Amino acid sequence: GQQVMQIPQYQHVQEGEDFTTYCNSSTTLSNIQWYKQRPGGHPVFLIQLVKSGEVKKQKRLTFQFGEAKKNSSLHITATQTTDVGTYFCAGQDSSYKLIFGSGTRLLVRP
Amino acid sequence: DGGITQSPKYLFRKEGQNVTLSCEQNLNHDAMYWYRQDPGQGLRLIYYSQIVNDFQKGDIAEGYSVSREKKESFPLTVTSAQKNPTAFYLCASSMKSRPNTEAFFGQGTRLTVV
Numbered sequence: 217g218q219q220v221m222q223i224p225q226y227q228h229v230q231e232g233e234d235f236t237t238y239c240n241s242s243t244t245l246s247n248i249q250w251y252k253q254r255p256g257g258h259p260v261f262l263i264q265l266v267k268s269g270e271v272k273k274q275k276r277l278t279f280q281f282g283e284a285k286k287n288s289s290l291h292i293t294a295t296q297t298t299d300v301g302t303y304f305c306a307g308q309d310s311s312y313k314l315i316f317g318s319g320t321r322l323l324v325r326p
Numbered sequence: 002d003g004g005i006t007q008s009p010k011y012l013f014r015k016e017g018q019n020v021t022l023s024c025e026q027n028l029n030h031d032a033m034y035w036y037r038q039d040p041g042q043g044l045r046l047i048y049y050s051q052i053v054n055d056f057q058k059g060d061i062a063e064g065y066s067v068s069r070e071k072k073e074s075f076p077l078t079v080t081s082a083q084k085n086p087t088a089f090y091l092c093a094s095s096m097k098s099r100p101n102t103e104a105f106f107g108q109g110t111r112l113t114v115v
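Quick mapping for you: the protein sequence lines, in order, are chains A and B. Numbering-wise (my numbering), the first sequence opens with residue 217 and increments by one. Numbering-wise (my numbering), the second sequence opens with residue 2 and increments by one.
In case anyone wonders, no lab produced these hints; they're calculated from the structure. A portion of the hints provided could be inaccurate.
Here are the simulated distance ranges between beta carbons [stated by the list, open to error]:
{"#": "1", "chain 1": "B", "residue 1": "S81", "chain 2": "A", "residue 2": "V260", "range": "32 to 40 Å"}
{"#": "2", "chain 1": "B", "residue 1": "S23", "chain 2": "A", "residue 2": "E283", "range": "36 to 44 Å"}
{"#": "3", "chain 1": "A", "residue 1": "H291", "chain 2": "B", "residue 2": "N19", "range": "42 to 50 Å"}
Only pairs whose alpha carbons sit at most 27 Å apart, straight line, appear in this in silico DSS-like list of lysine-lysine [what the hints assert, rightly or not]:
{"#": "4", "chain 1": "B", "residue 1": "K58", "chain 2": "B", "residue 2": "K10"}
{"#": "5", "chain 1": "A", "residue 1": "K273", "chain 2": "B", "residue 2": "K97"}
{"#": "6", "chain 1": "A", "residue 1": "K252", "chain 2": "B", "residue 2": "K10"}
{"#": "7", "chain 1": "B", "residue 1": "K84", "chain 2": "B", "residue 2": "K15"}
{"#": "8", "chain 1": "B", "residue 1": "K97", "chain 2": "A", "residue 2": "K272"}
{"#": "9", "chain 1": "B", "residue 1": "K15", "chain 2": "A", "residue 2": "K313"}
{"#": "10", "chain 1": "B", "residue 1": "K58", "chain 2": "A", "residue 2": "K252"}
{"#": "11", "chain 1": "A", "residue 1": "K267", "chain 2": "B", "residue 2": "K15"}
{"#": "12", "chain 1": "B", "residue 1": "K72", "chain 2": "A", "residue 2": "K313"}
{"#": "13", "chain 1": "A", "residue 1": "K252", "chain 2": "A", "residue 2": "K273"}
The structure presented is a predicted model; accordingly, all values stated were derived computationally and were not measured. Yeah, the Cβ is synthetic: ideal placement off N, Cα and C, and Gly gets one too.
With the sequences and hints as input, model every part of the structure.
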């Protein structure tokens, strides 16, 4: 069945450093979504990528979707303490089944 | 005010008991999902439904059951067959019309077996 893998599992950075998390699917995806979960909270939708090779930016966050539509990345430039949380990618295939990666937990030292 | 509501927020269950977690949405979404999250872990799909009176098993459906009698409601029953039910349960819903299929999550239910 469809699997979505995400690395690294966690990353601890100094405030101001950059951060990247990577997502890989075992199958071709219709789209990829990214979510952020704050400690003790629930996942909140950040963005969706649909097209092969698509790149989208939200302020300091840059999202990419691979050419083969099987991988994606999230890059945060100059992290801030407000970026703390777990970032999940979620892949959706031709059905509406939404499979989440294992998440990358980001810790930021002030 | 539109949204997705899960209840209760905290639930305690004795071993051998079935419990039902509620999930209601007023977003007019067709698709609904149940996920399980263990401490420090990702979200694992239990069941999902794309339409009323139809649902599919996810990756960890054993020991769980669902129903989808109404578009707004997708309750999850954790049965006594689920050997390790203590976890954080998240319900989500989304539209089916692409490309706007982002999922909206409820606040979650923390289930503890005592």
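For the pair supplied as a hint, B/K97 and A/K272, is the alpha-carbon distance within the 27 Å limit?
22 Å, holds
Quickly compare the C-alpha distance for B/K58 and B/K10 to 27 Å and report which way the hint goes.
Distance ~24 Å between B/K58 and B/K10 Cα, so the pair holds.
Pairwise hint evaluation, B/K10 against A/K252, where the allowed Cα distance is 27 Å at most:
20 Å, holds
Okay, B/S81 versus A/V260 on CB: inside 32 to 40 Å?
For A/V260 against B/S81, whose Cβ atoms are near 34 Å apart, the range 32 to 40 Å holds.
Taking the CB of A/H291 and the CB of B/N19, does the distance hold inside 42 to 50 Å?
45 Å, holds
Restraint status (C-alpha distance of A/K273 to B/K97 at most 27 Å)
Within the cut-off at roughly 25 Å; holds.
Given the hint that B/K72 pairs with A/K313, does the C-alpha gap stay at or below 27 Å?
17 Å, holds
Hey, A/K267 versus B/K15, does the alpha-carbon distance stay inside 27 Å?
It is violated: about 48 Å lies between the C-alpha atoms, which goes past 27 Å.
Starting from A/K252, check that the Cα of A/K273 is at most 27 Å away, please.
15 Å, holds
Agreement of B/K58 and A/K252 with the hint, judged by alpha carbon distance not exceeding 27 Å:
25 Å, holds
36 to 44 Å was suggested as the range; check whether the CB atoms of B/S23 and A/E283 agree with it.
Given about 43 Å between the Cβ atoms, the range holds.
Assess, step by step, whether the Cα of B/K15 is no farther than 27 Å from the Cα of A/K313, and give holds or violated.
32 Å, violated
Consistency with the previously given hints fails for numbers 9, 11, ordered from lowest to highest.
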